[in-house]
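K.L.:
Sequence:
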Amino acid sequence: MTILNRIYDAQVEYEEKYNEVPEILFVSLLTYEEIYKEPQSLEGVPLTIAGCELIIVENMLGDFKYLTHVDLTKAINAYKANPKDLILIRKFEKIEKSAGKNLSTRRNDPRMIGVQFYIQHELIDSYQRHFGNKNLKF
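Each step along the sequence shown adds one to the number in full-length UniProt numbering, with nothing skipped, and position 115 is 115.
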């Protein structure tokens, strides 16, 4: 399985798990190089992959990570309040529950539960650098 296939599969999993569409794709520098070497990247690596803005992170745990701007805003605020290597935010994850004894069997709709979601400070630094460079005017 190529890295781009893994990225697209992870996006589908993210959408199903969190019931939202990611907006940003963080990739490690090694993963970026891997994408660049793939045959379909003859013209280089696109600025968006799977509909998400691509941001390269130098020192990242893992190959890639999807996030939304809302999650990043929460993480930036938490990082400003208490700088740490790993920033903890609260995110809602979809869980499937079968109908309970007291519920009608038609109520098989997904429920959301709050979970702890960790974000590396390197992602925040890369995000701020990316959008800081984007706003530069010459």
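One or more of the hints may lead you astray.
[Unchecked claim] Lysine-lysine pairs mimicking DSBU-like chemistry, simulated, CA-CA at most 30 Å apart:
id, residue 1, residue 2
1, 17, 84
2, 17, 80
3, 74, 94
4, 94, 80
5, 94, 17
6, 17, 74
7, 94, 84
8, 84, 74
Simulated from the structure, these hints should not be mistaken for laboratory data.
K.L.:
Each of the hints needs a verdict: does it hold here or not?
P.N.:
A quick look at each hint next to the structure:
1. 17 - 84: holds (26 Å)
2. 17 - 80: Measuring from Cα to Cα gives roughly 28 Å; hence the hint holds.
3. 74 - 94: holds (20 Å)
4. 94 - 80: Since the Cα atoms of residue 94 and residue 80 sit roughly 29 Å apart, the hinted pair holds (cutoff 30 Å).
5. 94 - 17: holds (5 Å)
6. 17 - 74: holds (19 Å)
7. 94 - 84: Distance ~28 Å between residue 94 and residue 84 Cα, so the pair holds.
8. 84 - 74: Holds, at about 14 Å.
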